[in-house]
Amino acid sequence: MEIHKYEKAWLVGALVLIFFFIGTIAYVSAVVGVDMVDDSGGALDVDEVSEDERFADPRVEQVGEDEYEVYMIAQQFIFRPGTHDTVDVPENSEVTFYVTSIDVIHGFQLVGTNVNTMVIPGQVAEITVEFDEPGEHGIICNEYCGDAHADMEGLLVVHPEDEWEEMQGGDG
Amino acid sequence: MATFVDRFPFEAKVVRVAFALSFLFLGLGGIGGMIQVLHRTGYLRFVEEITGGTYYTVLTSHGVFLVVFFTIFFLVGVFTWAITKDLDRELGNPGLTKYWITSMTVGALLTSIAILAGFTNELPALGEVSADVLFTFYSPMGAHVLFYLGLALFVTGSWVAGFDWFKTWWGWKKDNPDKRIPLMTFMVLTTMLMWYLGTLGVAVEVVFFLIPWSLGLVSEVNPLLTRTLFWFFGHMVVYFWLMPAYMMWYKIMPKLAGGRLFSDPLARVVFVLFLILSVPVGIHHQYLDPGIPEGFKFVAMTNTMFLLLPSLLTAFTVVASVEHGARQRGGKGYFGWLRALPWGRPAFSGMALAGIMFAAGGFSGMINAGMNINYLVHNSFWVPGHFHLTVGTAVALTFMAATYWLLPQLTGKPLAGVKAAAVQPYLWFIGMTFMSNAMHRGGLLGIPRRTSEPQYEQFDYEPVFGSVAELDFQIVIGGALLVASLALFFYSIILTWFGSKVSADGGEGEVIDDEIPPALSGPENAPRVLDNLKLWVGIAILLIVLAYALPFADIASDGIYEGSEYIPVMIEVLT
Numbered sequence: 001m002e003i004h005k006y007e008k009a010w011l012v013g014a015l016v017l018i019f020f021f022i023g024t025i026a027y028v029s030a031v032v033g034v035d036m037v038d039d040s041g042g043a044l045d046v047d048e049v050s051e052d053e054r055f056a057d058p059r060v061e062q063v064g065e066d067e068y069e070v071y072m073i074a075q076q077f078i079f080r081p082g083t084h085d086t087v088d089v090p091e092n093s094e095v096t097f098y099v100t101s102i103d104v105i106h107g108f109q110l111v112g113t114n115v116n117t118m119v120i121p122g123q124v125a126e127i128t129v130e131f132d133e134p135g136e137h138g139i140i141c142n143e144y145c146g147d148a149h150a151d152m153e154g155l156l157v158v159h160p161e162d163e164w165e166e167m168q169g170g171d172g
Numbered sequence: 001m002a003t004f005v006d007r008f009p010f011e012a013k014v015v016r017v018a019f020a021l022s023f024l025f026l027g028l029g030g031i032g033g034m035i036q037v038l039h040r041t042g043y044l045r046f047v048e049e050i051t052g053g054t055y056y057t058v059l060t061s062h063g064v065f066l067v068v069f070f071t072i073f074f075l076v077g078v079f080t081w082a083i084t085k086d087l088d089r090e091l092g093n094p095g096l097t098k099y100w101i102t103s104m105t106v107g108a109l110l111t112s113i114a115i116l117a118g119f120t121n122e123l124p125a126l127g128e129v130s131a132d133v134l135f136t137f138y139s140p141m142g143a144h145v146l147f148y149l150g151l152a153l154f155v156t157g158s159w160v161a162g163f164d165w166f167k168t169w170w171g172w173k174k175d176n177p178d179k180r181i182p183l184m185t186f187m188v189l190t191t192m193l194m195w196y197l198g199t200l201g202v203a204v205e206v207v208f209f210l211i212p213w214s215l216g217l218v219s220e221v222n223p224l225l226t227r228t229l230f231w232f233f234g235h236m237v238v239y240f241w242l243m244p245a246y247m248m249w250y251k252i253m254p255k256l257a258g259g260r261l262f263s264d265p266l267a268r269v270v271f272v273l274f275l276i277l278s279v280p281v282g283i284h285h286q287y288l289d290p291g292i293p294e295g296f297k298f299v300a301m302t303n304t305m306f307l308l309l310p311s312l313l314t315a316f317t318v319v320a321s322v323e324h325g326a327r328q329r330g331g332k333g334y335f336g337w338l339r340a341l342p343w344g345r346p347a348f349s350g351m352a353l354a355g356i357m358f359a360a361g362g363f364s365g366m367i368n369a370g371m372n373i374n375y376l377v378h379n380s381f382w383v384p385g386h387f388h389l390t391v392g393t394a395v396a397l398t399f400m401a402a403t404y405w406l407l408p409q410l411t412g413k414p415l416a417g418v419k420a421a422a423v424q425p426y427l428w429f430i431g432m433t434f435m436s437n438a439m440h441r442g443g444l445l446g447i448p449r450r451t452s453e454p455q456y457e458q459f460d461y462e463p464v465f466g467s468v469a470e471l472d473f474q475i476v477i478g479g480a481l482l483v484a485s486l487a488l489f490f491y492s493i494i495l496t497w498f499g500s501k502v503s504a505d506g507g508e509g510e511v512i513d514d515e516i517p518p519a520l521s522g523p524e525n526a527p528r529v530l531d532n533l534k535l536w537v538g539i540a541i542l543l544i545v546l547a548y549a550l551p552f553a554d555i556a557s558d559g560i561y562e563g564s565e566y567i568p569v570m571i572e573v574l575t
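Protein sequence lines correspond, in order, to chains A and B. Each residue of the first sequence is one higher than the last, beginning at 1 in my numbering. Each residue of the second sequence is one higher than the last, beginning at 1 in my numbering.
By construction, these hints were calculated from the structure, which means they are not laboratory data. Errors might be hidden in some of the hints.
[To be verified] Among the chain A residues that face chain B by a calculated CB cut under 10 angstroms, a handful are:
| # | residue |
| --- | --- |
| 1 | Val31 |
| 2 | Gly41 |
| 3 | Asp45 |
| 4 | Ala56 |
| 5 | Val60 |
| 6 | Asn92 |
| 7 | Thr96 |
| 8 | Ser101 |
| 9 | Gln109 |
| 10 | Gly112 |
| 11 | Met118 |
| 12 | Met167 |
| 13 | Gly169 |
[What the hints assert, rightly or not] The calculated SDA-like cross-link candidates involving lysine to any residue, where the alpha carbons are at most 25 angstroms apart (straight line), are:
| # | chain 1 | residue 1 | chain 2 | residue 2 |
| --- | --- | --- | --- | --- |
| 14 | B | Lys179 | B | Ala152 |
| 15 | B | Lys419 | B | Asn437 |
| 16 | A | Lys8 | B | Asn176 |
| 17 | A | Lys5 | B | Leu313 |
| 18 | A | Lys8 | B | Gly162 |
| 19 | B | Lys255 | B | Val423 |
| 20 | A | Lys8 | B | Asp175 |
| 21 | B | Lys255 | A | Arg80 |
| 22 | A | Lys8 | B | Lys85 |
| 23 | A | Lys8 | B | Leu96 |
| 24 | B | Lys174 | B | Val423 |
| 25 | B | Lys85 | B | Leu215 |
| 26 | A | Lys8 | B | Phe335 |
| 27 | A | Lys5 | B | Leu109 |
| 28 | B | Lys534 | B | Glu524 |
| 29 | A | Lys5 | B | Pro517 |
| 30 | B | Lys332 | A | Asp35 |
| 31 | B | Lys255 | A | Asp85 |
| 32 | A | Lys8 | B | Phe363 |
| 33 | A | Lys8 | B | Val423 |
| 34 | A | Lys8 | B | Leu309 |
| 35 | A | Lys5 | B | Asn176 |
Glycine is no exception: its CB is placed at the ideal position from the N, C-alpha and C atoms.
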């Protein structure tokens with residue numbers, strides 16, 4: 001097959017670009033470590049979400065010194081917790097979200113960040129986030145889930161440590 | 001001089017019918033786009049979001065009418081033209097041809113009725129009907145069964161169309177046993193083979209899951225399984241939209257530039273690559289799905305990156321061919337040749353501008369393909385920004401531009417409204433520059449797709465520069481230009497369609513131009529193995545099995561007919 005020399009050069013350049021892209025992603029996945037949403041959250045029966053010990057009482061739970069787990073249910077058109085009550089965590093914490101749906105497919109994203117996952121009925125999405133700075137993050141559903149989809153939002157508050165201490169003290 | 005319509009009156013009629021349907025849906029889909037743009041002005045709101053949900057009726061019609069019916073009706077038209085012209089041969093079985101065009105038309109009609117019923121949520125005799133499920137019709141949100149039945153008729157009709165073209169080629173091959181497959185025929189056949197493989201996913205989803213489920217024959221389906229079946233089809237389909245545009249960039253654009261295709265063999269390589277690589281990549285739409293192990297996502301990512309190759313090769317071959325044409329017209333210098341191109345001729349300028357936009361769309365696509373960076377843009381406004389460059393411009397503008405060149409051959413009438421047509425591609429290009437720029441930027445801010453505009457109460461968007469209102473303004477400007485461009489297209493096309501014929505001796509008006517010169521480097525330079533379609537289909541199937549067998553087995557282990565009950569899209573009216 002006759003290939004013009006410029007065309008050959010272009011072909012080689014294109015392949016180099018492709019291998020470069022794959023190489024960077026492979027490097028990041030294998031060495032730096034990319035935490036993709038995968039099957040680690042496990043599957044569950046949609047009808048039995050309310051009997052699952054993680055989701056019977058959706059909540060924020062402290063599991064280690066600076067480690068927290070959030071068990072959240074997405075449903076038309078709210079996040080529980082998140083919509084009617086904020087999700088509260090302290091700064092300098094590592095938070096793992098477990099999110100599932102009891103009706104249709106939803107999305108879960110902290111606005112303007114790469115904390116983003118699909119929420120599929122029957123599956124538990126698991127995503128771990130480190131919050132280094134205090135602040136507020138909007139939570140939105142970014143997958144069309146019905147008429148009021150555009151209204152499905154919530155709020156996550158990362159509290160400064162002193163404020164967090166006070167909140168904990170208030171509880172005790 | 002006899003042109004296509006004189007030599008193949010039946011086929012010309014088939015193409016005209018397909019184009020008329022295509023443009024009908026282009027117009028209806030365009031109205032859907034216009035309503036969304038007006039909504040963003042804040043003053044002209046005809047649809048309700050949140051309270052009434054009719055916004056999603058409009059969004060579903062905009063998506064389905066444009067990416068399913070406009071594109072695919074155009075495809076069956078232009079492929080019918082290509083096969084007939086390339087092989088210089090009639091389709092040969094009018095009954096078969098009439099069957100597929102009827103099946104596709106009835107299917108499109110049923111689906112459209114189901115979608116448009118969303119404005120009132122009921123139809124006489126059928127009761128409650130709604131299908132506000134968008135083009136991505138994932139379970140457990142269920143549309144009325146009419147929506148799925150229509151799609152099934154439409155897709156099976158397209159399968160028969162492919163069979164019709166294969167039959168024509170088989171007949172030609174019998175008469176020309178030792179000849180190479182002519183290039184346009186090669187492109188049509190490989191594209192259809194890709195379509196057969198990729199539509200298997202959506203066919204299984206619709207026929208075995210969504211239809212029985214929407215009729216209540218099975219009570220539950222597995223949402224992740226049906227979603228994965230959808231995306232088995234869902235990325236291949238973007239190449240199904242794109243391949244007719246590629247065919248015209250390869251075969252028609254160089255000729256309009258004054259030259260000819262640079263390399264026939266490379267064009268064949270490109271189409272073979274699309275055939276073998278466009279299905280085993282679908283999981284890249286599911287990078288963020290729970291329930292799918294990371295390894296499967298990595299495989300899809302690798303295949304996706306290799307899929308850049310045929311598009312990068314196309315960029316070279318098409319630009320080289322156009323440059324060759326410009327130099328034939330007296331163009332000189334490193335970049336000076338660009339001035340020698342026929343920028344005032346809409347068939348050329350439309351395709352060239354579409355190609356430039358496709359380069360930009362390709363770059364945002366490369367970003368989407370990176371499985372880690374995808375987390376930042378997934379389901380954000382960035383994504384519609386991306387596909388308004390690809391299907392919304394590379395494909396749509398190329399189809400409109402090609403129509404300026406094809407319609408005279410199909411009607412025997414010279415192009416009318418020439419001045420309007422000459423401006424039209426530029427308006428589209430500028431309009432889409434504004435619109436997609438704003439969408440991409442909005443996505444980076446975290447504005448989601450599939451909402452009429454961000455109107456959250458608990459937080460605000462804080463752009464580094466500009467403002468959300470400024471982004472909306474750009475979308476409104478862009479949308480206005482796009483609507484104007486569409487109006488000019490329809491003006492020129494309708495005037496042509498109902499105009500008067502060129503007289504038989506070509507004495508009146510211009511002679512209809514329908515010549516396509518052969519490639520500089522012809523098929524004799526292409527290895528024969530490239531024409532071995534069975535081999536390529538075999539490799540394609542192998543890659544699909546490698547990419548999909550384990551994910552499907554894994555997902556199906558959660559249960560096939562277990563998971564979610566049917567959840568209708570209509571909201572209960574609270575009284």
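**Contradicted hints - numbers only** = Hint check: 1, 4, 5, 6, 7, 12, 13, 14, 15, 16, 18, 20, 21, 22, 23, 24, 25, 27, 30, 31, 33, 35 fail, others pass.
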